[in-house]
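Each protein sequence line maps, in turn, to chains A and B.
Numbering of the first sequence is given in the working numbering, commencing with residue 1 and proceeding in unit increments.
Numbering of the second sequence is given in the working numbering, commencing with residue 1 and proceeding in unit increments.
Hints listed in this document are in silico derivations from the structure and should not be mistaken for laboratory results.
Mixed in with the good hints there might be a few duds.
Said to hold, decoys possible - Quick list of in silico lysine to aspartate or glutamate cross-link-like pairs, DMTMM-like style, CA-CA up to 20 angstroms:
1. B/LYS241 <-> A/ASP141
2. A/LYS231 <-> A/ASP141
3. A/LYS259 <-> B/ASP198
4. A/LYS262 <-> B/GLU190
5. B/LYS241 <-> A/ASP82
6. A/LYS262 <-> B/ASP260
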Amino acid sequence: MPGIPRNAALVLAATASLALLTTACTGSSGTGATDDPNAGTTLTFWHGWSAPAEVKAVRANVDRFEKAHPNIKVKVVGNINDDKLNQALRAGGSNGPDVVSSFTTSNIGTFCSSGAFLDLEPFIEKSGLDLEATIPKPMLDYTRFEGTRCALPLLGDAYGLYYNKDAFEEAGITRPPKTWSEFSEVAEKLTEPRGDTYERLGFMPNYHGYETVVGHYMSQWDHAYFDADGKSNIARDPAFAEMFRYQKKLVDDLGGFAKLEKYRNTFGDEWGAEHPFHTGQVAMQLDGEWRLGMARDAGVDFEIGTAPLPVADDEVDEYGKGFLSGTIMGIAPQSKKQNAAWELVKYMTTDTEAVVSFANAIRNVPSTFEALESPDLKTDPAFKTFLDIARHPESSTPPASVNGSTYQTTLQDFGYQYESGKVKDLDAGLARTAKQIDRDIEQAK
Amino acid sequence: MPTHTLRAKHRTSTLRTLAFLSPWLVGFGVFFAYPLVSTLYFSLMRYDGFGVPEFRGAGNWTYVFQDYPMFWPALRNTLWLVLVMVTCRVVFGLGIGLLVTRIKTATGVFRTLFYLPYLAPPVAATLAFVFLLNPGTGPVNSALEGLGLPAPGWFTDAAWSKPALTALALWGVGDLMVIFMAALLDVPKEQYEAAALDGASPWQRFRFVTLPAISPIILFAVVTGVIQTMQYYTQPLVAGKVASGVIGGSGQQFEPGYPDKSTLTLPQLVHNLGFQRFDYGAACVVALVLFALSMAFTALLMRSRGGLIQAGDR
Numbered sequence: 001m002p003g004i005p006r007n008a009a010l011v012l013a014a015t016a017s018l019a020l021l022t023t024a025c026t027g028s029s030g031t032g033a034t035d036d037p038n039a040g041t042t043l044t045f046w047h048g049w050s051a052p053a054e055v056k057a058v059r060a061n062v063d064r065f066e067k068a069h070p071n072i073k074v075k076v077v078g079n080i081n082d083d084k085l086n087q088a089l090r091a092g093g094s095n096g097p098d099v100v101s102s103f104t105t106s107n108i109g110t111f112c113s114s115g116a117f118l119d120l121e122p123f124i125e126k127s128g129l130d131l132e133a134t135i136p137k138p139m140l141d142y143t144r145f146e147g148t149r150c151a152l153p154l155l156g157d158a159y160g161l162y163y164n165k166d167a168f169e170e171a172g173i174t175r176p177p178k179t180w181s182e183f184s185e186v187a188e189k190l191t192e193p194r195g196d197t198y199e200r201l202g203f204m205p206n207y208h209g210y211e212t213v214v215g216h217y218m219s220q221w222d223h224a225y226f227d228a229d230g231k232s233n234i235a236r237d238p239a240f241a242e243m244f245r246y247q248k249k250l251v252d253d254l255g256g257f258a259k260l261e262k263y264r265n266t267f268g269d270e271w272g273a274e275h276p277f278h279t280g281q282v283a284m285q286l287d288g289e290w291r292l293g294m295a296r297d298a299g300v301d302f303e304i305g306t307a308p309l310p311v312a313d314d315e316v317d318e319y320g321k322g323f324l325s326g327t328i329m330g331i332a333p334q335s336k337k338q339n340a341a342w343e344l345v346k347y348m349t350t351d352t353e354a355v356v357s358f359a360n361a362i363r364n365v366p367s368t369f370e371a372l373e374s375p376d377l378k379t380d381p382a383f384k385t386f387l388d389i390a391r392h393p394e395s396s397t398p399p400a401s402v403n404g405s406t407y408q409t410t411l412q413d414f415g416y417q418y419e420s421g422k423v424k425d426l427d428a429g430l431a432r433t434a435k436q437i438d439r440d441i442e443q444a445k
Numbered sequence: 001m002p003t004h005t006l007r008a009k010h011r012t013s014t015l016r017t018l019a020f021l022s023p024w025l026v027g028f029g030v031f032f033a034y035p036l037v038s039t040l041y042f043s044l045m046r047y048d049g050f051g052v053p054e055f056r057g058a059g060n061w062t063y064v065f066q067d068y069p070m071f072w073p074a075l076r077n078t079l080w081l082v083l084v085m086v087t088c089r090v091v092f093g094l095g096i097g098l099l100v101t102r103i104k105t106a107t108g109v110f111r112t113l114f115y116l117p118y119l120a121p122p123v124a125a126t127l128a129f130v131f132l133l134n135p136g137t138g139p140v141n142s143a144l145e146g147l148g149l150p151a152p153g154w155f156t157d158a159a160w161s162k163p164a165l166t167a168l169a170l171w172g173v174g175d176l177m178v179i180f181m182a183a184l185l186d187v188p189k190e191q192y193e194a195a196a197l198d199g200a201s202p203w204q205r206f207r208f209v210t211l212p213a214i215s216p217i218i219l220f221a222v223v224t225g226v227i228q229t230m231q232y233y234t235q236p237l238v239a240g241k242v243a244s245g246v247i248g249g250s251g252q253q254f255e256p257g258y259p260d261k262s263t264l265t266l267p268q269l270v271h272n273l274g275f276q277r278f279d280y281g282a283a284c285v286v287a288l289v290l291f292a293l294s295m296a297f298t299a300l301l302m303r304s305r306g307g308l309i310q311a312g313d314r
């Protein structure tokens, strides 16, 4: 054979081999669980908690499970973020996890649609679990995608309003605001300007103000991110424009974007003791239930008040609702111990004693109806606010999408442009953003 | 000699050559050729890292170039950093190198002082810079305001975020200082003496003696600087995250580039597309753009190398 064709053949063969090798490296999913859940086995459970108290609480919960299931031992691995989790779920292998959890509820669309998390429906049916009667609807919503339930909620987070009761009293404010109009008045009343900064700010409305993100604001307006065809609805649903206009006006009324940003740069870390609500730099804060424990631990020198976030002026009857999120728990599809893994998932997510003990230990919101009502749940009036928000039928979480929370970050990005005044035409901006969201989703399908 | 004997000898020789080359060939194949071919392959597929890849043709390329809103800002930022940051680092590194080779007392102390920042972990160094340059509470702006000078927003201002990153890179220029110092100490003293006897000024001695002698090192510094800047990820990501205040709570996804996409770099897009959006195909497109840019810059610099040396030789 002449030299050139032989070389060409070699190159082709090498390329084909590489291509075959590459395609052979792709994952696959299956649901055949053949292990005996009553046989002696050891599961590996990966979770994301890292603080010593949280890690201890997870271990205590697992110890209770092992006591109830003496044949199953659990190896617990903490401080696992989604990057590590994804790599492990792709790679599989005997050292990979059997049971997994993630804080990123917004990735549920990807986890379910890709098969990264095992479909739990056959296990739920086999166990005869009535999820609708066990778990609040918003939490059921953020653990499934397009009919596939690949996770269950492992405690939840509810978002509400924190306020400085002393500052309220000082300003003659007798109760937390119920509507956004009232909220603006209260925020202005609590604000004490000092030159080009503030002695105290009533509320930091900017989208970079820690938890004051677009998604959390939107939960207080009746809205729909997508229409029936799955297309972005943000330019057509008037609730979005209403929220953006309200927030922009609040920014302007409290001193303007630049002044607020300058003040924001003096804030301490969101997760540290120097949080602006702790230090008294802001009198009100939109935040999750965890802030209560953090503020108390920081030793704040004022009385803390909690309330649901305000609602749109024409939605007063829905006052009490809020944004919900939380941790999700599922099974690795590559696990050879799926039946045993299900026992752990079922126990940790639906057993009342397990849920209540864990919620008490890490001060999160329980994720089952029974646990929310349990007399063993340690609560007080301030924390009860968040339990009520979690139970409220109108509380919501953004819908799952095939590309995770990309649509929310795209909308949030638009929010930065609008609040800073870089984008003036709100309607045109929302239309452009909707188009971008649709294109991103099309790309992900 | 019979033809078949010649062929056998030739084959033996070829096999021996391949045997000697095999360690490199294996390394090249496993760590370069295979990933490159894979990246090219996946850039044409829809692949989320879990399922079976599906052929998408040029779809990922069209998305990245036309519809992905972060691509062009990231490309512009990366090119800005390549042109400005690399140039500043080489000039500054050479300047510090010249300085420390001329210092006659406490040389060890100065060399250590200039080198030490390079050893600081990138995350810690970036955090320190963000806090030092915090427009609200940082000591730098307090000092500037105290002097009646304008206080920039640094990492919170889109116009100042890249210069702030450049300042951070200049602070850690110890690696270049060391190689320039070694190169400068290696220039034959006789050449300086001869130039001085011919009446060359200090600038002429630098221009016609020092520069030609160290031009291969300058080229090395520029090429490695360009490649490092193409991979610039940790510092802009950490700076953006910390300065924005959005560290990410439960259920949140962080979008890089704060403020106003000004700290976006191409490697951040690879992470955003591949590991946040699970779109490996589009991530591979960005990776290939990075590869092509690195190759183009390196080729351009290698071609210009001859010119640099010739200019010095004149």
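Can the restraint linking B/LYS241 and A/ASP141 be considered satisfied, given a maximum Cα separation of 20 angstroms? The given pair, whose Cα atoms are some 29 angstroms apart, is violated under the 20 angstroms limit.
Could you grab the alpha-carbon distance between B/LYS241 and A/ASP82 and see if it respects the 20 angstroms cut-off? With Cα atoms ~17 angstroms apart, B/LYS241 and A/ASP82 stay inside 20 angstroms; holds.
Restraint check for A/LYS231 with A/ASP141, where alpha carbons must lie at most 20 angstroms apart: Within the cut-off at roughly 19 angstroms; holds.
Agreement of A/LYS259 and B/ASP198 with the hint, judged by alpha carbon distance not exceeding 20 angstroms: Violated: A/LYS259 and B/ASP198 sit about 63 angstroms apart, past 20 angstroms.
Keeping to a limit of 20 angstroms between CA atoms, is the pair of A/LYS262 and B/ASP260 held or broken? Holds - the C-alpha atoms of B/ASP260 and A/LYS262 are around 16 angstroms apart, at most 20 angstroms.
Between the alpha carbons of A/LYS262 and B/GLU190, is the straight-line distance 20 angstroms or under? The hint is violated at about 58 angstroms.
Of the numbered hints listed earlier, those contradicted by the structure are 1, 3, 4.
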